[in-house]
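A.B. asks: As they're listed, the protein sequences go chains F and Y.
The working numbering puts the first residue of the first sequence at 206, with every later residue one more than the last.
The working numbering puts the first residue of the second sequence at 206, with every later residue one more than the last.
Mixed in with the good hints there might be a few duds.
You can't tell identical chains apart in this list, so a pair holds if it fits in one copy or across any two.
Said to hold, decoys possible - Restricting the straight-line Cα-Cα distance to at most 20 Å, the calculated cross-link-like pairs of lysine to any residue (SDA-like) are:
1) Lys252 <-> Glu264
2) Lys411 <-> Leu254
3) Lys211 <-> Cys536
4) Lys484 <-> Ile207
5) Lys211 <-> Asp382
6) Lys212 <-> Leu266
7) Lys411 <-> Val247
8) Lys407 <-> Val419
9) Lys517 <-> Asn444
10) Lys252 <-> Arg326
11) Lys310 <-> Gly576
12) Lys311 <-> Leu298
13) Lys252 <-> Phe610
14) Lys350 <-> Glu390
15) Lys531 <-> Asp491
16) Lys252 <-> Ser361
FYI, nobody ran anything at the bench for these hints, they're computed from the structure.
2 protein chains.
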Amino acid sequence: MISLGKKALAAKDFLSTVTEEQKNKALLAIAAALRENSKTIVNENAKDLQNGREAGLNEGLLDRLMLDEGRINAIADGVESVAALPDPCGLTLDEVTRPNGLLIKKVSVPLGVIGIIYEARPNVTADAAVLCLKSGNAVILRGGKEAINSNIAIASVMRAAISECGFDENCIQLVTDTSRNSANEMMHLNGYLDCLIPRGGKGLIKAVVENSTVPVIETGSGNCHIYVDESADVDMAANIIFNAKTQRIGVCNACESLVIHSGIINEALPKIKAQLDTKNVEMRGDERAMLAADGVLPASEEDFETEYLDYKISVKTVDDLDEAIKHINRCSTKHSEAIITNNYKNAAEFLARIDSSSVYVNASTRFTDGGEFGLGAEIGISTQKLHARGPMGLRELTTTKYLIFGNGQIR
Amino acid sequence: MISLGKKALAAKDFLSTVTEEQKNKALLAIAAALRENSKTIVNENAKDLQNGREAGLNEGLLDRLMLDEGRINAIADGVESVAALPDPCGLTLDEVTRPNGLLIKKVSVPLGVIGIIYEARPNVTADAAVLCLKSGNAVILRGGKEAINSNIAIASVMRAAISECGFDENCIQLVTDTSRNSANEMMHLNGYLDCLIPRGGKGLIKAVVENSTVPVIETGSGNCHIYVDESADVDMAANIIFNAKTQRIGVCNACESLVIHSGIINEALPKIKAQLDTKNVEMRGDERAMLAADGVLPASEEDFETEYLDYKISVKTVDDLDEAIKHINRCSTKHSEAIITNNYKNAAEFLARIDSSSVYVNASTRFTDGGEFGLGAEIGISTQKLHARGPMGLRELTTTKYLIFGNGQIR
Numbered sequence: 206m207i208s209l210g211k212k213a214l215a216a217k218d219f220l221s222t223v224t225e226e227q228k229n230k231a232l233l234a235i236a237a238a239l240r241e242n243s244k245t246i247v248n249e250n251a252k253d254l255q256n257g258r259e260a261g262l263n264e265g266l267l268d269r270l271m272l273d274e275g276r277i278n279a280i281a282d283g284v285e286s287v288a289a290l291p292d293p294c295g296l297t298l299d300e301v302t303r304p305n306g307l308l309i310k311k312v313s314v315p316l317g318v319i320g321i322i323y324e325a326r327p328n329v330t331a332d333a334a335v336l337c338l339k340s341g342n343a344v345i346l347r348g349g350k351e352a353i354n355s356n357i358a359i360a361s362v363m364r365a366a367i368s369e370c371g372f373d374e375n376c377i378q379l380v381t382d383t384s385r386n387s388a389n390e391m392m393h394l395n396g397y398l399d400c401l402i403p404r405g406g407k408g409l410i411k412a413v414v415e416n417s418t419v420p421v422i423e424t425g426s427g428n429c430h431i432y433v434d435e436s437a438d439v440d441m442a443a444n445i446i447f448n449a450k451t452q453r454i455g456v457c458n459a460c461e462s463l464v465i466h467s468g469i470i471n472e473a474l475p476k477i478k479a480q481l482d483t484k485n486v487e488m489r490g491d492e493r494a495m496l497a498a499d500g501v502l503p504a505s506e507e508d509f510e511t512e513y514l515d516y517k518i519s520v521k522t523v524d525d526l527d528e529a530i531k532h533i534n535r536c537s538t539k540h541s542e543a544i545i546t547n548n549y550k551n552a553a554e555f556l557a558r559i560d561s562s563s564v565y566v567n568a569s570t571r572f573t574d575g576g577e578f579g580l581g582a583e584i585g586i587s588t589q590k591l592h593a594r595g596p597m598g599l600r601e602l603t604t605t606k607y608l609i610f611g612n613g614q615i616r
Numbered sequence: 206m207i208s209l210g211k212k213a214l215a216a217k218d219f220l221s222t223v224t225e226e227q228k229n230k231a232l233l234a235i236a237a238a239l240r241e242n243s244k245t246i247v248n249e250n251a252k253d254l255q256n257g258r259e260a261g262l263n264e265g266l267l268d269r270l271m272l273d274e275g276r277i278n279a280i281a282d283g284v285e286s287v288a289a290l291p292d293p294c295g296l297t298l299d300e301v302t303r304p305n306g307l308l309i310k311k312v313s314v315p316l317g318v319i320g321i322i323y324e325a326r327p328n329v330t331a332d333a334a335v336l337c338l339k340s341g342n343a344v345i346l347r348g349g350k351e352a353i354n355s356n357i358a359i360a361s362v363m364r365a366a367i368s369e370c371g372f373d374e375n376c377i378q379l380v381t382d383t384s385r386n387s388a389n390e391m392m393h394l395n396g397y398l399d400c401l402i403p404r405g406g407k408g409l410i411k412a413v414v415e416n417s418t419v420p421v422i423e424t425g426s427g428n429c430h431i432y433v434d435e436s437a438d439v440d441m442a443a444n445i446i447f448n449a450k451t452q453r454i455g456v457c458n459a460c461e462s463l464v465i466h467s468g469i470i471n472e473a474l475p476k477i478k479a480q481l482d483t484k485n486v487e488m489r490g491d492e493r494a495m496l497a498a499d500g501v502l503p504a505s506e507e508d509f510e511t512e513y514l515d516y517k518i519s520v521k522t523v524d525d526l527d528e529a530i531k532h533i534n535r536c537s538t539k540h541s542e543a544i545i546t547n548n549y550k551n552a553a554e555f556l557a558r559i560d561s562s563s564v565y566v567n568a569s570t571r572f573t574d575g576g577e578f579g580l581g582a583e584i585g586i587s588t589q590k591l592h593a594r595g596p597m598g599l600r601e602l603t604t605t606k607y608l609i610f611g612n613g614q615i616r
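Please work from the sequences and hints to get the whole structure.
C.D. replies: What follows is the structure in structure tokens.
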């Protein structure tokens with residue numbers, strides 16, 4: 206692993222002087238090479254699928270693991286769209302000339318070397334490498350053992366493609382040892398890795414956050430709330446809740462909990478529930494919710510802290526906005542929350558006091574996404590507050606550097 | 206500690222709605238109260254000094270611990286200057302209206318609750334609290350036991366002052382238990398503290414970085430280099446090195462190591478050394494440095510990795526810019542480095558390839574400082590890459606939040 210680290214440092218130094226044009230040329234070469242070599246990649250992927258079937262992986266996992274020509278073309282399309290995005294590096298973020306004549310510029314620069322630890326999705330191998338390259342970073346990829354043949358094929362295609370463009374092939378490196386040990390070594394590769402990004406399920410992210418001494422960018426879970434204020438448009442509320450709960454079940458920006466004002470519950474909850482019933486969503490609520498609509502099951506305190514990722518929703522009744530805000534700030538994972546209201550003052554107070562990465566008025570929480578926010582690409586959604594918060598695009602893969610131009614100044 | 210945490214969460218909620226005007230009023234009230242109560246504070250400080258003398262603290266530590274009317278007035282002046290700075294919160298950093306009509310604003314908001322762990326300097330109690338308050342953060346302060354009486358006096362004066370302005374006094378809290386245990390509890394106060402900033406010596410910072418599960422903003426050490434390029438103006442190089450090495454010895458932006466091109470060493474090193482000799486700076490160099498100037502002692506590999514904080518400097522001879530850059534990137538702590546050159550291309554390459562927070566052309570590394578960079582105030586100098594890099598001002602005590610304004614949008 207140290208040897209990979211040393212090669213990555215050399216690649217980082219190489220990348221510190223490449224131009225936007227050179228990076229985009231390398232990205233387009235990767236896209237072309239993926240298309241050209243799709244048969245080889247599909248063949249290697251077939252070995253992973255065969256091994257996966259023998260190991261008894263479930264259909265969902267096998268589907269995530271599977272690559273065919275169509276999926277490889279989609280990955281290549283994605284690479285081309287990243288190439289078309291603006292370069293996040295070299296931007297002058299601040300500039301000042303001080304009274305002593307020093308010109309001080311704060312510019313965006315690559316983080317340096319990024320480690321990515323992920324699971325059985327071979328598309329991440331290309332997606333993550335390409336976002337790192339576009340932002341000028343060297344990357345060390347460590348995917349799950351289930352996808353190792355696919356990952357080796359994809360990584361070698363990408364390395365050969367950038368090498369032909371005059372790049373150090375070690376700008377992209379793959380860890381081929383997929384033991385737990387290699388992940389653990391990466392978490393302690395201080396001095397080589399500038400940051401580590403885990404991509405995958407809760408267990409993986411927790412393990413990395415708790416064990417890594419390398420700084421981590423955490424992409425977290427979402428126990429997202431929608432609060433139906435007393436003045437809400439009930440039809441709008443029902444539509445938004447239906448969308449946020451059921452449009453896609455297993456995602457971090459899905460709505461998991463409904464908070465509802467006692468003054469509107471009798472009118473609103475039956476309508477909301479009727480719409481959710483069309484998708485058989487199980488509703489678990491407090492006593493007042495159970496009285497307001499038929500078929501609401503009792504909620505425990507644990508329900509209010511659970512990210513179901515399922516056709517289930519909890520309901521909490523409150524008597525005013527203050528109670529709603531306090532409940533949400535206590536139970537949420539600080540991902541995405543929404544208020545449905547026609548009250549201007551309440552909207553403003555909700556926006557100010559809710560301590561989450563993305564706070565909505567009268568819209569579905571499902572929009573918390575790099576693409577929907579117009580960032581162009583997304584490496585994940587951060588629920589931490591340092592460095593990056595909310596959907597992370599290319600810009601979040603950069604840091605800053607002060608460049609100071611003098612002519613002999615001393616202090 | 207959990208009880209302090211809970212009070213801080215309530216204070217954070219309170220602070221989410223205060224205006225810039227209210228914050229500045231509270232800051233000016235703190236400044237006035239510190240001046241009014243300076244006698245009380247001096248009396249409490251006298252107890253700390255007495256205890257310190259009995260415990261055998263050295264003169265340097267006693268001096269850092271000491272407060273008199275003059276020093277308290279200087280602290281109050283500092284508070285007033287922070288009040289006069291622009292509010293770092295509520296800035297719209299990005300704004301987009303999406304094709305579906307959603308208005309998405311990215312705004313700066315307080316981090317929330319900040320923990321500060323520091324040592325025996327009672328001025329930090331006021332300085333840190335005031336920077337946190339100005340940036341809308343609740344703060345939990347945990348200073349060293351040597352200053353506990355002074356800290357209690359200062360904190361209670363500040364709490365009373367903001368309380369009279371209608372603020373929750375728990376916006377500022379002091380941990381009065383100064384055992385190692387209380388610091389350890391703070392490092393694991395996840396869910397209450399949004400970040401932890403250690404302020405003090407290397408040992409303190411290392412302990413916090415290695416043990417804290419709360420995200421840390423690291424303020425690090427500086428093994429700063431100055432590279433004298435072949436085309437350097439020798440007099441300018443000697444002046445800058447003299448300034449960067451000797452103007453103040455114990456600071457993180459002082460120059461610790463000189464890297465010099467072999468083509469200029471015979472002309473430049475004797476002049477540089479002659480100037481440093483006026484302050485009896487010990488020079489430890491490689492073989493070529495020992496040949497180029499009289500009185501250079503031999504340097505070990507360890508010297509090149511040492512932050513002396515003393516009247517000592519190491520000298521490394523290189524044959525070209527590439528060797529200089531590789532040596533510096535290997536040995537530096539990524540704080541501040543400078544090139545002295547008249548070569549335009551070399552200056553650009555040094556700026557691009559040196560991986561440090563602040564990179565200079567033809568100026569002293571001593572300028573890496575919030576005040577010198579025009580940030581107005583400084584909470585520390587970050588040598589990490591995530592969140593903040595280089596001198597940190599008020600802006601680095603904020604995070605961002607997406608506010609999304611809809612009228613019923615679903616996905």
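A.B. asks: Taking 20 Å as the upper bound on the Cα-Cα distance, should Lys350 and Glu390 be classified as within, between, both, or neither?
C.D. replies: Close inside one copy (16 Å), not across copies (38 Å); limit 20 Å.
A.B. asks: When Cα atoms must be at most 20 Å apart, do Lys407 and Val419 count as within-copy, between-copy, both, or neither?
C.D. replies: The answer is both: 19 Å in one copy and 18 Å across copies each meet 20 Å.
A.B. asks: 20 Å Cα cut-off: does Lys212 pair with Leu266 within a copy, between copies, both or neither?
C.D. replies: Neither, since 33 Å and 45 Å both go past 20 Å.
A.B. asks: State whether the alpha carbon distance between Lys411 and Val247 is at most 20 Å within one copy, between copies, both, or neither.
C.D. replies: Neither: 32 Å inside a chain and 48 Å across chains, both beyond 20 Å.
A.B. asks: Indicate which option fits the pair Lys531, Asp491 if close means a Cα-Cα distance not exceeding 20 Å: within, between, both or neither.
C.D. replies: within (16 Å within a copy, 64 Å between copies)
A.B. asks: Within a copy, between copies, both or neither: which one fits Lys252 and Glu264 at a CA-CA cutoff of 20 Å?
C.D. replies: within (16 Å within a copy, 72 Å between copies)
A.B. asks: At most 20 Å between alpha carbons: which applies to Lys252 and Ser361, within, between, both or neither?
C.D. replies: Within one copy, since 17 Å is at most 20 Å while 69 Å is not.
A.B. asks: Within, between, both or neither: how does the pair Lys211, Cys536 come out at a Cα-Cα threshold of 20 Å?
C.D. replies: between (44 Å within a copy, 14 Å between copies)
A.B. asks: Since the copies are identical, ignore which copy is meant and state whether Lys310 and Gly576 lie within 20 Å (CA to CA) inside a copy, between copies, both or neither.
C.D. replies: between (30 Å within a copy, 15 Å between copies)
A.B. asks: Are the CA atoms of Lys311 and Leu298 at most 20 Å apart within a copy, between copies, both, or neither?
C.D. replies: both (5 Å within a copy, 16 Å between copies)
A.B. asks: Measure nothing new, just compare the shortest in-copy and cross-copy C-alpha distances for Lys252 and Phe610 to 20 Å and report within, between, both or neither.
C.D. replies: neither (56 Å within a copy, 48 Å between copies)
A.B. asks: Under a CA distance limit of 20 Å, which applies to Lys252 and Arg326: within one copy, between copies, both, or neither?
C.D. replies: within (14 Å within a copy, 64 Å between copies)
Taken one by one, the earlier hints fail for this structure at numbers 2, 4, 6, 7, 13, listed in ascending order.
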